[in-house]
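S.K.: My request is simple: use the sequences and hints to build the entire structure.
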Amino acid sequence: MNRYPAWLNILVIVVVLTGILFALPNIYGSAPAVQLADADGKDISQTQLENFLGSLESDGVTPEAAYLKDGRAVIRFASVEDQQRSGERLRARYEQDTNVALTLAPRLPDWVRGMGLSPMSLGLDLRGGVYVLLEVDMNTAIDNRMQGYEQDIDERLRDARIRHQVRLNNQIITVRLQNSEDREKARAIIEDADAEVLIGDGTDGKSLTVRMSEAQIKERQDFAIEQNMTTLRNRVDQLGVAEPLVQRQGVDRIVVQLPGVQDPTELEKILTATATLEFRLVDQAGDLPGSRTYPGRAGEQSQVLRREVIASGDEIIDANSGFTPEGQPAVHITLDSAGGERMLAATRDNVGKPMSTLFIEWREEDVTRGGKTEKRKIKTEEIINTATIRGVFKTRFQITGLTPIEARDLAVLLRAGALAAPVYKVDERTIGPSLGQDNIDRGFRAIQIGFLAVIVFMAVYYRWFGMIANVALLSNLVFIVAVLSMVGASLTLPGIAGIVLTVGMAVDANVLIFERIREEIAAGSSPQAAINSGYEKALSSIADANITTLIAAIVLLAFGTGPIKGFAITLMIGILTSMFTAIVGTRSIVNFVFGGRKITSIPV
Amino acid sequence: MRLIRETTHIDFLGPTRRKIALAISAIVILISIGSLFTHDRPLEFGIDFTGGILLEVSYPEAADLANIRNNLAASGFEDAQVQRFGADTDVLVRLPPQDGRDPDELRDDLRRTVAVGTSEVELRRVEFVSPQVGKELTERGSLAMIIVLLLIFVYVMIRFQWKFAAGAVAALAHDVIVTVGFFSIFRFPFDLTVVAAILAVIGYSLNDTVVAFDRIRENFFKLRGISAEESMNTSINEMLARTLITGVTTLLVLVALLLLGGESIAPFSIALIVGIIVGTYSSIYTASATALALGVNAQDLIEPVKDPDLIDELP
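Chains as they are written, first to last, in our numbering: chain A, 176 to 779; chain B, 2 to 316.
Please note that a few of the clues may not be correct.
What the hints assert, rightly or not - Pairs of lysine to aspartate or glutamate, EDC-like flavour, derived with a Cα cap of 20 Å: (1) B:K136 - A:D427; (2) A:K528 - A:E483; (3) A:K600 - B:E137; (4) B:K136 - A:D312; (5) A:K600 - B:D109; (6) A:K600 - B:D105; (7) A:K712 - B:E219; (8) A:K244 - A:E418; (9) A:K600 - B:E128.
Said to hold, decoys possible - If the Cβ cut is set under 8 Å, some of the chain B residues that face chain A in the computed set are: (10) E57; (11) R126; (12) I148; (13) L152; (14) Y205; (15) L207; (16) V211; (17) D215; (18) I246; (19) V254; (20) L255; (21) S265.
What the hints assert, rightly or not - Far from chain A by the CB rule (all over 10 Å, computed), these chain B residues: (22) E62; (23) D100; (24) A116.
It should be emphasised that the hints constitute simulated quantities derived from the structure, not laboratory data. What you are looking at is a predicted structure, and each value in this text was computed from that prediction instead of being measured. We put the CB at the ideal spot given by N, CA and C, even for glycine.
M.R.: Written as structure tokens, this is what we have:
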């Protein structure tokens with residue numbers, strides 16, 4: 176009696192070993208490191224990594240380890256001095272096309288990293304950093320788009336020589352016409368321009384109302400969010416922060432997390448930086464007054480551009496990458512009518528000549544001069560694309576001659592250049608590094624002491640069976656850490672609280688079983704029979720009890736934000752792993768120690 | 002080792018005992034609700050809920066709170082709350098939402114003000130939350146509670162029977178009200194982590210209740226010929242050791258968390274400690290007594306046997 180089949184024992188051993196393996200990366204701690212990422216988002220190559228190392232070698236610094244991870248180079252050092260010196264050195268040398276960030280990297284042996292294992296990441300409350308929640312002003316985004324429509328309709332009707340009046344109010348355009356005949360003509364024209372808008376009849380029989388459909392509004396919102404995120408990502412990358420996070424939250428919010436950043440004013444620079452685009456003709460002879468040479472962004476040639484601006488970024492209504500009817504990759508751009516007018520005039524006279532897209536960004540930077548710090552606006556201008564004008568066009572045109580990837584990148588840049596909607600901050604949290612470290616220290620101390628107290632209690636109260644429960648409790652901790660590392664969830668202070676709570680509650684299943692065994696013995700069962708029915712009869716209680724707690728944890732996960740989520744995740748993982756360790760895990764040990772032989776009493 | 006005797010025969014559910022327990026619960030709930038309604042602010046809501054600005058500042062030596070308050074008032078922050086946070090050197094400054102002021106300027110202003118007169122201050126934490134986010138959190142938190150209670154009602158109804166489900170939910174509502182009331186009476190800060198703790202308390206207390214119900218169901222079938230009250234009483238006595246031991250181990254770790262986990266996690270630990278003590282009491286008294294008051298008996302748990310003849314007789 177009380178023997179487990181061999182496969183079940185093997186399963187338990189395999190599961191435990193897997194848990195230990197995944198939890199393993201967490202014991203090595205971390206060391207100062209420098210992370211290098213390509214400024215254009217390309218993967219860093221092995222050759223580049225060797226170049227970096229070469230330049231460090233000439234400086235006499237020997238890194239502890241260097242490797243590529245997720246397309247970025249990570250160089251780890253033994254000391255902070257080495258890290259900082261190397262960081263400066265690498266920045267001075269490669270800043271042009273590489274973002275250099277100081278960070279912490281896990282001190283994993285090569286074989287552990289080789290297996291693709293990594294430790295739990297730490298939340299901002301444990302490592303310090305800045306968290307910002309931004310809200311995108313969707314109303315403005317839609318207003319802007321409606322203004323574009325208003326101008327467009329006005330212009331089309333004028334071109335068709337239909338007398339009309341257009342008014343935009345409350346995101347609805349009202350078009351007043353002379354008679355119902357004109358109204359039908361106007362309806363056809365508007366439908367022709369954009370088949371998706373909702374066109375309704377006015378009450379007086381000779382007017383139309385135009386508004387965006389639900390789908391268009393949603394599309395516009397997604398566009399505004401995406402555009403803002405692209406802009407923020409580009410700018411955050413230039414900050415030189417390792418592992419930044421820019422993520423959409425809900426319909427209209429964006430979360431930005433910058434681990435390790437201590438001063439939210441750095442983030443301010445990102446948010447206040449403004450960027451725009453200009454379309455200008457290339458001055459091929461290079462002799463017109465006001466012409467100037469502009470540098471090209473990575474891979475682009477520098478050009479001499481004329482002074483006149485044909486259209487600028489705030490006149491771009493939309494930019495998407497796609498394909499021409501012939502199947503060539505292209506970026507489709509829509510300008511508003513003012514920009515369209517000028518584009519028409521410029522292209523009419525310049526077919527066959529090149530036109531450039533210039534990217535301009537202003538950033539505020541603190542400049543120290545003579546001991547005084549002052550804010551200065553820094554302007555960066557770069558050519559991001561030059562293409563030949565192939566025909567006369569107005570508000571809608573496309574840029575071709577690109578690879579699909581270039582087309583996508585250019586569309587992103589064009590969109591990023593002109594912000595569709597302003598953002599404002601609704602939540603900002605800065606956690607200093609010392610507080611983060613304190614939180615870690617305190618959290619782990621609480622786990623240690625709490626764990627120790629429970630272990631001593633169980634050993635005294637249930638003797639050898641208590642020790643077996645303690646083994647289960649310890650492996651449960653290992654499993655929680657393993658699962659957290661495996662799924663890449665980050666550990667937060669409430670997450671630690673969740674672990675502490677699990678340590679206290681996880682013994683419950685064993686308490687239920689052991690109490691039941693005691694009852695069975697008191698009722699006169701033989702030891703073996705008592706063990707068996709103890710485990711069996713306690714099972715339904717354990718299942719019910721855990722499922723109900725699981726319900727609470729799942730609701731928490733669904734409704735909670737930020738810190739609550741961290742708690743819910745660890746609680747949930749803890750409940751699931753503790754079911755396994757407390758029921759199957761302890762049973763396999765009990766069976767191994769006591770099963771299949773004659774015993775007269777059991778130490779429970 | 003045993004915490005209590007092997008077999009206890011405590012009369013938990015006798016008519017007088019039940020009345021006393023009911024009276025105690027009623028009084029505690031009334032005090033809790035009373036406190037929520039009589040205070041200007043029902044709870045000391047954290048800025049997670051109210052919105053506003055929070056600074057945790059660490060000074061090189063023991064901080065002079067009066068001085069900091071004066072400096073803040075002089076800079077136009079009359080409504081700032083200043084209090085010690087853990088160590089003597091650490092101070093927490095809280096401000097309600099400031100209408101019409103640029104949050105970034107505000108932060109810089111505050112930073113300068115708290116640093117007046119000292120050489121080296123460390124800003125350990127700065128939080129800025131808009132009131133709008135707070136409002137959403139309050140709504141989501143309340144919604145989460147209601148959904149948890151509903152789901153649990155449904156689960157217990159399926160696994161047991163509606164009288165048990167009503168008992169379980171009554172016990173949980175009791176726990177939530179008393180824990181929130183405790184925070185209201187003692188003016189402990191009520192932040193987002195406390196909401197999480199209360200939901201965890203719901204999970205824990207229910208755990209206790211369901212385990213007791215499980216045994217009650219078993220005994221309803223095993224111990225025929227005795228009243229429901231006796232049967233439930235026996236079940237609670239049989240589960241008493243388990244209830245107390247799990248309570249003890251959980252409280253052990255929570256006390257460790259409260260003492261060692263630092264100031265910011267303290268409200269969370271307090272909510273759980275209070276909730277678990279109340280939850281243990283409620284799963285013994287409130288849950289079973291409610292089910293008993295609703296007239297629960299062994300018949301309720303027997304699957305109704307479909308009588309084939311009955312169907313045949315239908316026209």
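S.K.: The structure should be examined with respect to each hint, and the outcome stated for every one.
M.R.: Consistency of the hints with the structure:
1. B:K136 - A:D427: Answer holds: B:K136 to A:D427 is near 16 Å, not above 20 Å.
2. A:K528 - A:E483: Given pair A:K528, A:E483 holds - Cα atoms ~15 Å apart, limit 20 Å.
3. A:K600 - B:E137: 15 Å, holds
4. B:K136 - A:D312: Given that 20 Å is the threshold and the Cα spacing comes to 18 Å, the pair holds.
5. A:K600 - B:D109: Holds - the C-alpha atoms of B:D109 and A:K600 are around 16 Å apart, at most 20 Å.
6. A:K600 - B:D105: 10 Å, holds
7. A:K712 - B:E219: 10 Å, holds
8. A:K244 - A:E418: 12 Å, holds
9. A:K600 - B:E128: 12 Å, holds
10. E57: 7 Å, holds
11. R126: 5 Å, holds
12. I148: 5 Å, holds
13. L152: Since chain A brings a Cβ to about 5 Å from B:L152, closer than 8 Å, the hint holds.
14. Y205: 7 Å, holds
15. L207: 4 Å, holds
16. V211: At 5 Å from the nearest chain A Cβ, B:V211 passes the 8 Å test, so the hint holds.
17. D215: Holds, about 4 Å.
18. I246: 5 Å, holds
19. V254: 3 Å, holds
20. L255: 7 Å, holds
21. S265: This interface hint holds because 7 Å falls under the 8 Å limit.
22. E62: Per Cβ check, B:E62 is outside 10 Å of chain A; nearest 16 Å; holds.
23. D100: The assertion about B:D100 holds, with a minimum of 14 Å to chain A.
24. A116: 14 Å, holds
The earlier numbered hints are all upheld by this structure, with none contradicted.
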